[in-house]
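Protein chains in written order, with the working numbering: chain A, 746 to 859; chain B, 17 to 129.
Bear in mind the hints are in silico, worked out from the structure with no lab data behind them.
From the three backbone atoms N, C-alpha and C, an ideal C-beta is built for every residue, glycine too.
Hints may contain errors.
If you want a taste of the chain B side facing chain A, the calculated C-beta under 7 Å gives, among others [stated by the list, open to error]:
id	residue
1	65
2	67
3	122
Residue strings, one per chain:
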Amino acid sequence: GAVVSQHPSRVICKSGTSVKIECRSLDFQATTMFWYRQFPKQSLMLMATSNEGSKATYEQGVEKDKFLINHASLTLSTLTVTSAHPEDSSFYICSANTGGYGCTFGSGTRLTVV
Amino acid sequence: QKEVEQNSGPLSVPEGAIASLNCTYSDRGSQSFFWYRQYSGKSPELIMFIYSNGDKEDGRFTAQLNKASQYVSLLIRDSQPSDSATYLCAVEPYGGATNKLIFGTGTLLAVQP
């Protein structure tokens, strides 16, 4: 089946630094990937749609200059949280379009900004 | 605003009982419907998808879709404590980007031993 690998699984960083999260489709090509954020006991919130070879589409209220998305190949999308602050601490999850049967999610990245 | 609504729960059922999870959606043109299970601290995993009206069965799980009433449900037979998780309903709206899913807030299911 379709597998999406996400790294790192956990990261702790200092306030003001940047963090990069990688999302890879291991056995299929993903022209579209999605980035979600989930705060404790809340639902998934779609942040942006990442399209291979073009600019990402951000959801309303998501700062594109703070959450940089790069989808340079058919198997890799990255999310960089720039100048992270404690309020950015959250569970970030990517998913990839598998071509017909929903999306497959990565294992998620728990970001803690101290 | 295209919305997907679920009762947040918790829904508590005894072990061995049938758990019934419900979801309604606002976009009448929605094409595809998915149920995901999310354990605490983990990412969602796909349980079932359904495209056509009626029932679809897979093991202990049955998805039911009624497009006229705009609801989709998930039945879990012979519920087990390991089924305790949050169940997310997701809908792919008509005209949306492929597989850009709209998620409900999820229903927390607690299966009591």
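Numbered hints the structure breaks, given as an ascending list: 2
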